[in-house]
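J.: Now for the letters of each chain:
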Amino acid sequence: MSARDLFTFRNSHFRIGVGITAAILIVTAITGFIVLPFAQHWVQFANVWDAICSAAGVPQRAANVTAPEQTKRLSEVVLTSHTLSRPSQEAIGRGATLAQRCAICHGPTGISRADSPNLAGQYAAVIYKELHDFRSGARTNAVMSPFAVNLTDQEIADLSNYYAYLPRPAAYHPTPQLPKPSIVIYGAPMRGIAPCGSCHGSLDNKTGSPWLEGQSEAYMKVQLHAFASGERRNDISQQMRNIARAMTPQEIEAAAAYYASQPPDVVKAVD
Amino acid sequence: MLANRKLILAHFWLAFGVFGIALTLGAWQMFIRSPIGTWLSNPELYYRSLTAHGTVMGYVFPTLVAMGFGYAISESALEQRLVGVRWAWTGFWLIVAGAIMAMVPVVLGRASVLYTFYPPLIGNVFYYLGVVLVVVGSWIWVALMAINLRVWRRAHPGAPVPLAMFANVAGSYLWAWTAVGAALELLLQIIPVAAGLKATIDAGLARVFFSWTLHAIVYFWLMPTYIAYYTIVPRAIGGRVYSDSMARISFILFLVVAMPIGMHHTFADPQVGAGFKFIHSAFTALVALPTLLTVFTICASVEIAARLRGGRGMFGWIRALPWDNPMMLALAFSFVMLGFGGAGGLINMSYQLDASIHNTQWITGHFHLIFGGAIVIMYFAIAYDLWPHLTGRELIDLRLIRTQLWLWFVGMIITTFPWHWVGILGMPRRMAYFDFGDPAIAPQALSVTFSAIGGFILLASGIMFIVILARGMRAPQVDAGPYRFALAVHQPATVPVALNTHALWVALMIVLTLTNYGYPIVTLALTEGTSVPAVYVGAQ
Chain A
0 MSARDLFTFR NSHFRIGVGI TAAILIVTAI TGFIVLPFAQ HWVQFANVWD
50 AICSAAGVPQ RAANVTAPEQ TKRLSEVVLT SHTLSRPSQE AIGRGATLAQ
100 RCAICHGPTG ISRADSPNLA GQYAAVIYKE LHDFRSGART NAVMSPFAVN
150 LTDQEIADLS NYYAYLPRPA AYHPTPQLPK PSIVIYGAPM RGIAPCGSCH
200 GSLDNKTGSP WLEGQSEAYM KVQLHAFASG ERRNDISQQM RNIARAMTPQ
250 EIEAAAAYYA SQPPDVVKAV D
Chain B
0 MLANRKLILA HFWLAFGVFG IALTLGAWQM FIRSPIGTWL SNPELYYRSL
50 TAHGTVMGYV FPTLVAMGFG YAISESALEQ RLVGVRWAWT GFWLIVAGAI
100 MAMVPVVLGR ASVLYTFYPP LIGNVFYYLG VVLVVVGSWI WVALMAINLR
150 VWRRAHPGAP VPLAMFANVA GSYLWAWTAV GAALELLLQI IPVAAGLKAT
200 IDAGLARVFF SWTLHAIVYF WLMPTYIAYY TIVPRAIGGR VYSDSMARIS
250 FILFLVVAMP IGMHHTFADP QVGAGFKFIH SAFTALVALP TLLTVFTICA
300 SVEIAARLRG GRGMFGWIRA LPWDNPMMLA LAFSFVMLGF GGAGGLINMS
350 YQLDASIHNT QWITGHFHLI FGGAIVIMYF AIAYDLWPHL TGRELIDLRL
400 IRTQLWLWFV GMIITTFPWH WVGILGMPRR MAYFDFGDPA IAPQALSVTF
450 SAIGGFILLA SGIMFIVILA RGMRAPQVDA GPYRFALAVH QPATVPVALN
500 THALWVALMI VLTLTNYGYP IVTLALTEGT SVPAVYVGAQ
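These protein sequences, in sequence, are chains A and B.
Read in numbering that gives the first Met the number 0, the first sequence has 90 at position 91, and its numbers run on one by one without any break.
Read in numbering that gives the first Met the number 0, the second sequence has 377 at position 378, and its numbers run on one by one without any break.
Please note that a few of the clues may not be correct.
Claimed, not checked - A partial selection of chain A residues facing chain B, derived with a Cβ cut-off under 10 Å: (1) 6; (2) 28; (3) 36; (4) 55; (5) 115; (6) 116; (7) 119; (8) 144; (9) 146; (10) 149; (11) 176; (12) 177; (13) 244.
Claimed, not checked - Heads up, incomplete: computed chain B residues facing chain A, CB under 10 Å, no partners named: (14) 198; (15) 199; (16) 275; (17) 277; (18) 434; (19) 438; (20) 442; (21) 444; (22) 445; (23) 500; (24) 514; (25) 518; (26) 522; (27) 526; (28) 534.
To be verified - Quick look at which bits of chain B chain A covers, simulated, 3 or more residues with Cβ under 8 Å: (29) 33–46; (30) 268–274; (31) 489–498.
Keep in mind the hints are simulated off the structure, nothing from the lab.
Values in this document were obtained by computation on a predicted structure and should not be read as measured data.
Where is the CB? At the ideal position from N, CA and C, for every residue including glycine.
Take the sequences, apply the hints, and build the full model.
T.: Shown next as structure tokens:
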């Protein structure tokens with residue numbers, strides 16, 4: 000007995016095996032591609048071919064749907080694994096020179112005394128994204144926007160690398176450390192709020208999210224309210240706007256007070 | 000004739016060793032997200048543990064059991080020394096190397112992507128390379144099984160291939176083709192991104208590739224269990240296989256219809272057309288067929304044993320069964336869990352019913368009941384049955400063995416039934432934390448607590464299992480005789496070529512994969528603009 004005896008319609012097992020398989024395939028295909036699409040009375044098909052294409056998942060763009068007009072600018076920052084990798088000493092030096100104009104608000108060593116964010120030791124990706132957004136107009140601020148508007152791509156990268164290179168302020172804020180509020184470590188799952196700490200430190204950090212330990216309480220509160228009201232809209236996929244909208248005023252207070260009271264040196268060390 | 004006992008023992012010990020570790024992690028995970036555990040405040044640790052648990056239980060443990068059992072079948076059913084012993088050891092060491100390579104990044108928190116990979120999440124490249132090595136190691140086993148059967152056929156032209164080996168090789172072919180989906184996903188999509196050569200990935204296409212592997216892999220896990228049903232249980236309880244042909248047809252059906260059904264895992268995915276979802280759903284329904292055939296054949300085989308022992312009446316024979324025999328006990332437990340799990344599976348495979356339980360804890364309960372319950376309890380039985388032949392020593396304490404099997408059965412029911420229930424209530428899966436203080440989910444706290452207690456019962460049973468095997472290595476020596484498989488009532492003298500070879504059925508398996516997966520894969524691969532930025536785990 001060889002393959003030749005098996006793969007022939009003279010062999011009853013071959014006949015039955017192939018026949019039944021083909022029959023099932025044909026019946027299920029006709030049902031799935033023709034019968035079921037037409038069974039949905041709320042969907043209109045031009046012809047049978049149209050129904051088959053729809054059931055097969057052929058990508059198609061509906062003719063009468065236009066994308067909604069976008070009135071406000073959105074963030075267009077693209078970050079790849081190579082964008083900010085391995086900055087040279089010169090790049091950091093150029094950043095330091097450029098940073099002199101930032102010192103009036105963000106402090107000469109990247110530590111603010113004016114309720115502006117502390118930038119010393121902040122993730123490069125964060126500064127990179129915010130500066131791009133200020134430049135493009137996706138984020139606006141009466142003070143920051145004029146500074147950012149004339150920066151080149153190279154200058155933005157250099158500034159980001161410089162601030163990331165500075166040491167984080169060691170236990171700068173003098174307030175006693177507060178216990179972790181539940182919004183920070185648990186979030187509020189029933190309202191679709193992920194824990195603050197799962198992106199912003201205390202639990203974990205996600206790319207593009209700043210660490211918040213020791214930042215100004217007033218600043219964080221203002222930003223959360225700005226996200227909630229839609230005044231600030233440079234978050235990707237509305238992730239911060241959705242969270243801030245669902246937060247109660249008490250939760251905003253608690254999260255801001257907690258992060259402001261934490262010493263930045265507890266931020267998880269990363270490369 | 001078991002000549003390469005060391006090889007088989009090495010596979011089993013590694014399998015059960017990693018199983019013990021992963022089982023401990025599993026129990027800890029159940030505890031930590033239940034109301035009785037104190038929340039760790041760190042979801043990353045939870046997902047790290049979950050990745051290790053899934054990777055070991057999904058890829059390493061069952062593959063090693065199938066391989067070790069496969070070598071044992073090849074030597075004892077064919078009564079010939081294993082051809083390619085060196086290659087077999089190479090495969091084994093590849094799996095050891097792969098498992099270590101994959102687990103190091105997981106332990107370091109660099110690959111908390113879960114064993115299903117979930118692109119666009121991207122972990123450390125060594126995690127994926129480790130998984131590839133495990134698969135390559137197992138492919139060596141696939142080749143060896145085919146070669147050994149071919150060598151035997153040459154020496155016995157036209158003779159019926161022993162049922163155990165026929166099924167074993169069917170299982171190995173199923174695995175070889177099943178693993179191709181995940182291999183394509185890893186090699187073409189994930190590894191280039193993890194290695195830094197690309198920064199975007201088509202997550203939809205990756206999910207389709209993975210569904211190719213994800214469902215049929217379950218039938219690969221199932222193969223040793225079904226082989227044990229047909230070829231060990233009847234012998235162990237003093238009966239005979241009711242029908243040799245029925246057994247062959249069941250394994251053939253698994254080979255043909257286990258593959259083209261994986262898209263019932265992607266019912267909620269928008270990138271797959273509804274027509275293909277329907278075809279996959281219909282073929283999934285067909286998979287119930289070989290299982291129903293098996294349940295019928297094995298019940299009939301068991302009834303033969305009972306009547307030979309003097310059982311009478313319509314159901315009176317059930318009392319005559321050797322219930323103190325661990326193999327009988329394991330079979331009964333396995334069937335009960337298979338029954339419940341299978342019924343749950345029918346819900347998962349139907350498009351409309353799936354909508355109510357998709358991505359809930361129901362699913363986690365379902366695959367633990369089928370795999371951890373019905374399948375793994377037979378892995379225990381296989382080990383108990385083979386152990387005296389591998390070690391040359393007797394497993395003395397049958398009571399302990401029975402207790403272990405009881406605990407596993409009871410533990411699995413207590414774990415998975417509440418799991419199904421909270422799934423129906425809508426509790427999502429893959430969550431590190433639940434706030435049971437919230438009134439909306441507070442009523443589920445009791446069910447989840449039971450489930451966690453079940454997890455600890457399972458852990459206790461798993462520890463007992465390893466202790467029994469370890470004690471078996473030092474028990475008094477005994478001559479267990481040659482390892483035998485069950486005979487059929489009508490032992491076949493000749494078998495039609497279609498039921499004695501795999502070629503036709505492998506061909507049908509490949510053709511059905513092409514018809515059911517070809518178009519969706521090609522369209523997704525050719526459609527522009529479907530890739531999304533990768534999300535690197537642990538990156539800044």
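J.: Would you mind marking each hint as holding or not holding in the structure?
T.: Each hint, compared with the structure:
1. 6: holds, 7 Å
2. 28: Check passed: Cβ of residue 28(A) comes within 6 Å of chain B, closer than 10 Å.
3. 36: holds, 7 Å
4. 55: OK, holds: residue 55(A) within 10 Å of chain B, min 5 Å.
5. 115: violated, 22 Å
6. 116: violated, 17 Å
7. 119: violated, 16 Å
8. 144: violated, 27 Å
9. 146: violated, 25 Å
10. 149: Nearest chain B Cβ about 28 Å off; hint violated.
11. 176: Interface hint status for residue 176(A): violated (15 Å vs cutoff 10 Å).
12. 177: violated, 15 Å
13. 244: violated, 19 Å
14. 198: This interface hint holds because 4 Å falls under the 10 Å limit.
15. 199: At about 9 Å, which falls below the 10 Å cut-off, the nearest Cβ of chain A leaves the hint on residue 199(B) intact, so it holds.
16. 275: This interface hint holds because 7 Å falls under the 10 Å limit.
17. 277: holds, 3 Å
18. 434: With a closest approach of 6 Å, the residue 434(B) hint holds.
19. 438: holds, 9 Å
20. 442: violated, 14 Å
21. 444: Result: violated, 14 Å to nearest chain A Cβ.
22. 445: violated, 19 Å
23. 500: Because about 7 Å separates residue 500(B) from the closest Cβ in chain A, which is inside the 10 Å limit, the hint holds.
24. 514: holds, 6 Å
25. 518: holds, 6 Å
26. 522: holds, 7 Å
27. 526: holds, 5 Å
28. 534: holds, 7 Å
29. 33–46: Our answer is that it holds, as 5 residues pass the Cβ test (under 8 Å) against chain A, meeting three.
30. 268–274: With 5 residues in contact (Cβ-Cβ under 8 Å with chain A), the coverage given for the region 268–274 of chain B holds.
31. 489–498: Our answer is that it holds, as 4 residues pass the Cβ test (under 8 Å) against chain A, meeting three.
In the structure shown, a violation is registered for the earlier hints numbered 5, 6, 7, 8, 9, 10, 11, 12, 13, 20, 21, 22, in ascending order.
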